[in-house]
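Chemist: What follows is the residue order along each chain.
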Amino acid sequence: MTEFSAQLDTPLIQVANLSCVFDVSKPWLNRVVERESKQFLRAVDDVSFEIRKGETLALVGESGSGKSTIAKMLVGLLEPSAGTILFDGQPMVIDSSERMMELRKRFQMIFQSPYASLNPRWKVADVIAEPMVVLGVEKDSAKIQARVGELLELVGLSAADGAKFPHEFSGGQRQRIAIARALSSNPDFVVCDEPTSALDVSVQAQILNLMRDLQDQLGLTYLFISHDLSVVRHMADRIGVLYLGALVEIADSKELFKAPQHPYTRMLLDAVPDLEMTGRQRKEVEGEIPNPINPPPGCTFHPRCPFANERCKGEVPHWTETRTGVVACHGVEEGRIPAAEMVR
Amino acid sequence: MTTPLLSVRDLVIKFPTRHGPLTAVDGVSFDLAAGEVLGVVGESGAGKSLTGSAIIGLLDPPGHIASGEIYLKGERIDNLRAEDMRAIRGRRIGMVFQDPLTSLNPLYTIADQLIETIRTHLRLSEREARKRAIGLLDDVGIPAASRRIDDYPHQFSGGMRQRVVIALALAAEPELVIADEPTTALDVSVQAQIIDVLKEQCTQHGASVILITHDMGVIAETADRVAVMYSGRIAEIGPVREIIQNAKHPYTSGLMGSIPTLAQEEDRLVQIPGAMPRLSDIPPGCPFNPRCDKVFDKCRVHRPSLIPVENREVACWLYEDAEAKGAAL
Numbered sequence: 001m002t003e004f005s006a007q008l009d010t011p012l013i014q015v016a017n018l019s020c021v022f023d024v025s026k027p028w029l030n031r032v033v034e035r036e037s038k039q040f041l042r043a044v045d046d047v048s049f050e051i052r053k054g055e056t057l058a059l060v061g062e063s064g065s066g067k068s069t070i071a072k073m074l075v076g077l078l079e080p081s082a083g084t085i086l087f088d089g090q091p092m093v094i095d096s097s098e099r100m101m102e103l104r105k106r107f108q109m110i111f112q113s114p115y116a117s118l119n120p121r122w123k124v125a126d127v128i129a130e131p132m133v134v135l136g137v138e139k140d141s142a143k144i145q146a147r148v149g150e151l152l153e154l155v156g157l158s159a160a161d162g163a164k165f166p167h168e169f170s171g172g173q174r175q176r177i178a179i180a181r182a183l184s185s186n187p188d189f190v191v192c193d194e195p196t197s198a199l200d201v202s203v204q205a206q207i208l209n210l211m212r213d214l215q216d217q218l219g220l221t222y223l224f225i226s227h228d229l230s231v232v233r234h235m236a237d238r239i240g241v242l243y244l245g246a247l248v249e250i251a252d253s254k255e256l257f258k259a260p261q262h263p264y265t266r267m268l269l270d271a272v273p274d275l276e277m278t279g280r281q282r283k284e285v286e287g288e289i290p291n292p293i294n295p296p297p298g299c300t301f302h303p304r305c306p307f308a309n310e311r312c313k314g315e316v317p318h319w320t321e322t323r324t325g326v327v328a329c330h331g332v333e334e335g336r337i338p339a340a341e342m343v344r
Numbered sequence: 001m002t003t004p005l006l007s008v009r010d011l012v013i014k015f016p017t018r019h020g021p022l023t024a025v026d027g028v029s030f031d032l033a034a035g036e037v038l039g040v041v042g043e044s045g046a047g048k049s050l051t052g053s054a055i056i057g058l059l060d061p062p063g064h065i066a067s068g069e070i071y072l073k074g075e076r077i078d079n080l081r082a083e084d085m086r087a088i089r090g091r092r093i094g095m096v097f098q099d100p101l102t103s104l105n106p107l108y109t110i111a112d113q114l115i116e117t118i119r120t121h122l123r124l125s126e127r128e129a130r131k132r133a134i135g136l137l138d139d140v141g142i143p144a145a146s147r148r149i150d151d152y153p154h155q156f157s158g159g160m161r162q163r164v165v166i167a168l169a170l171a172a173e174p175e176l177v178i179a180d181e182p183t184t185a186l187d188v189s190v191q192a193q194i195i196d197v198l199k200e201q202c203t204q205h206g207a208s209v210i211l212i213t214h215d216m217g218v219i220a221e222t223a224d225r226v227a228v229m230y231s232g233r234i235a236e237i238g239p240v241r242e243i244i245q246n247a248k249h250p251y252t253s254g255l256m257g258s259i260p261t262l263a264q265e266e267d268r269l270v271q272i273p274g275a276m277p278r279l280s281d282i283p284p285g286c287p288f289n290p291r292c293d294k295v296f297d298k299c300r301v302h303r304p305s306l307i308p309v310e311n312r313e314v315a316c317w318l319y320e321d322a323e324a325k326g327a328a329l
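Chains as they are written, first to last, in the UniProt record's numbering: chain A, 1 to 344; chain B, 1 to 329.
Excised from the complex, chain A in its bound form (with noise of 0.2 Å):
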């Protein structure tokens, strides 16, 4: 990674102030008879964060935290409700102008189930040339073979493949061919939602590994989504930790796992089965994630929190900084929370 790290200082992706919010209303006639008022859905609230050129972002949290809803929104499959994007200084909007097209073509994005988002009709070679084809990438039917077979070889597969159909393959050789797919318009940012949990754990190192070459190789700058930390651990440079739609600590990654700040991230690592059977008492979790239709008021997570007091319960959280990155928490804004256990 050595002669990228010369740009890991220049953001590639600005987002701020980023919110989506569903409408999850009844149907209008319901409303009037039931008296009910419109209902929305805070999916992702006010999140800000930047990813460097060649780093790796990820983002956990539990379901319903936002975490996929961010990656739609950051390729363009979902428009924010407020907030922006910018990419590579350029702001990002949903439309087909020839500015956004030549935008696209930068970023693409990995599924987290091989099995749903590769067509089944299609032979491997036309899935994985489909980007070059839409974006205009390549129009030489000849040449985009010969990238085809290469990109096919890249990723573990061999040029012979490109004629079958995906049926044909385990499902560890399917996320290859999905990455692949990802790789054809030559990206410079991969947003991978979830990309190996449908996966076992043998063809899950497989594809990780995978997935750090090509980085190295290509200068890739990746956006990891993932709810298994372990796996977020071993890919991330730095982590952003959601509950309930909003950022509530980013952080080093090393850092993170050694002095998590919010009471929620050590509430996620406490979580985390204990393989190396250090007899590290795995801490009993209280409670689960609330309905994001009617979230707690102030800070979300007080209801699950040891440390909440009445201001907790009042007042939203603004960014602190610390010594490892950012948390949005009263507790250790105010210093009253005890500093983690170093554990690991």
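Note that these hints are calculated values from the structure, not bench results.
Please note that a few of the clues may not be correct.
[Unchecked claim] For lysine to any residue, the following SDA-like pairs were computed, each having C-alpha atoms within a straight-line distance of at most 25 Å:
#, chain 1, residue 1, chain 2, residue 2
1, A, Lys123, A, Gln145
2, A, Lys254, A, Phe189
3, A, Lys164, B, Ser44
4, A, Lys313, B, Ala144
5, A, Lys258, B, Ile244
6, A, Lys164, A, Ser141
7, A, Lys258, B, Gln245
8, B, Lys294, B, Pro308
9, A, Lys38, B, His154
What you are looking at is a predicted structure, and each value in this text was computed from that prediction instead of being measured.
Following the hints, complete the assembly by docking chain B onto the known chain A.
Modeler: Here is chain B on its own, set in the frame of chain A:
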């Protein structure tokens, strides 16, 4: 020596297909002592869920037990008539499935489902059964159980539903609970809660547990012994701590190395080349031989059976000498 609670002998499960029968589980044998927690790990298609389904007599046709025996407290249960098996299922063997939403009937309240289960197996009046049901829900940590019992499954969250399923599995005081991927559909923070409840409740009710999962971390925290399955066979079986810290079978050590952990410092994960063979072309000899880095001639021809090594058993020819030495002593 006392009779084990459960004894599985040379279990073979086959699926007839147009191209001849496929052997999905091939010669699995193990014993389970009363009160013991046995973890079964393996990748998709290793035959772990099928083994569980066979024990409780819920194999989906056309899959069937082609040979082998299953004994519950010395009594053979794999060849029982359907109605005799029904008396055992739920009463003596409880089951927790992966997805709590599909294992509960959405049209009935939790009370209906629990009371039905309790009264099917135990001679209790409606009132007594309801009282017992509330007690069970209380035990598995459902707040305000006496009020929530009349709710429908959709009114519970995923974690709460799985607690209800655990209560259902324990309703008739079974001797054995088979939990098939009980936490796979849940978030990490909830997963920890469910594992705790499952373990605590089974200990309290004195039930043995077969915990089927692909998550080694869950096994590490819960099980006493672990069986590692590969291609329908047991590759290694023994005490959890020793297998995790010092795996003998090349597959087990590869599997352990490929799991990213929180403490690990290395950049690359150990990877096992290739993938588990399809059932239609399991190689001769040891099924792991094409992916194994310690393979030698014998592995490609002869199939290894479980060889006792120290206090565990390993199906690998590397340890053949150990057995010979052990016999000589």
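Chemist: None of the hints should be skipped; say for each whether it holds.
Modeler: A quick look at each hint next to the structure:
no.	hint	in the structure
1	Lys123/A with Gln145/A	holds, 12 Å
2	Lys254/A with Phe189/A	holds, 23 Å
3	Lys164/A with Ser44/B	holds, 23 Å
4	Lys313/A with Ala144/B	holds, 24 Å
5	Lys258/A with Ile244/B	holds, 24 Å
6	Lys164/A with Ser141/A	holds, 18 Å
7	Lys258/A with Gln245/B	holds, 23 Å
8	Lys294/B with Pro308/B	holds, 19 Å
9	Lys38/A with His154/B	holds, 22 Å
Checked against the numbered hints listed earlier, the structure breaks none of them; every hint is satisfied.
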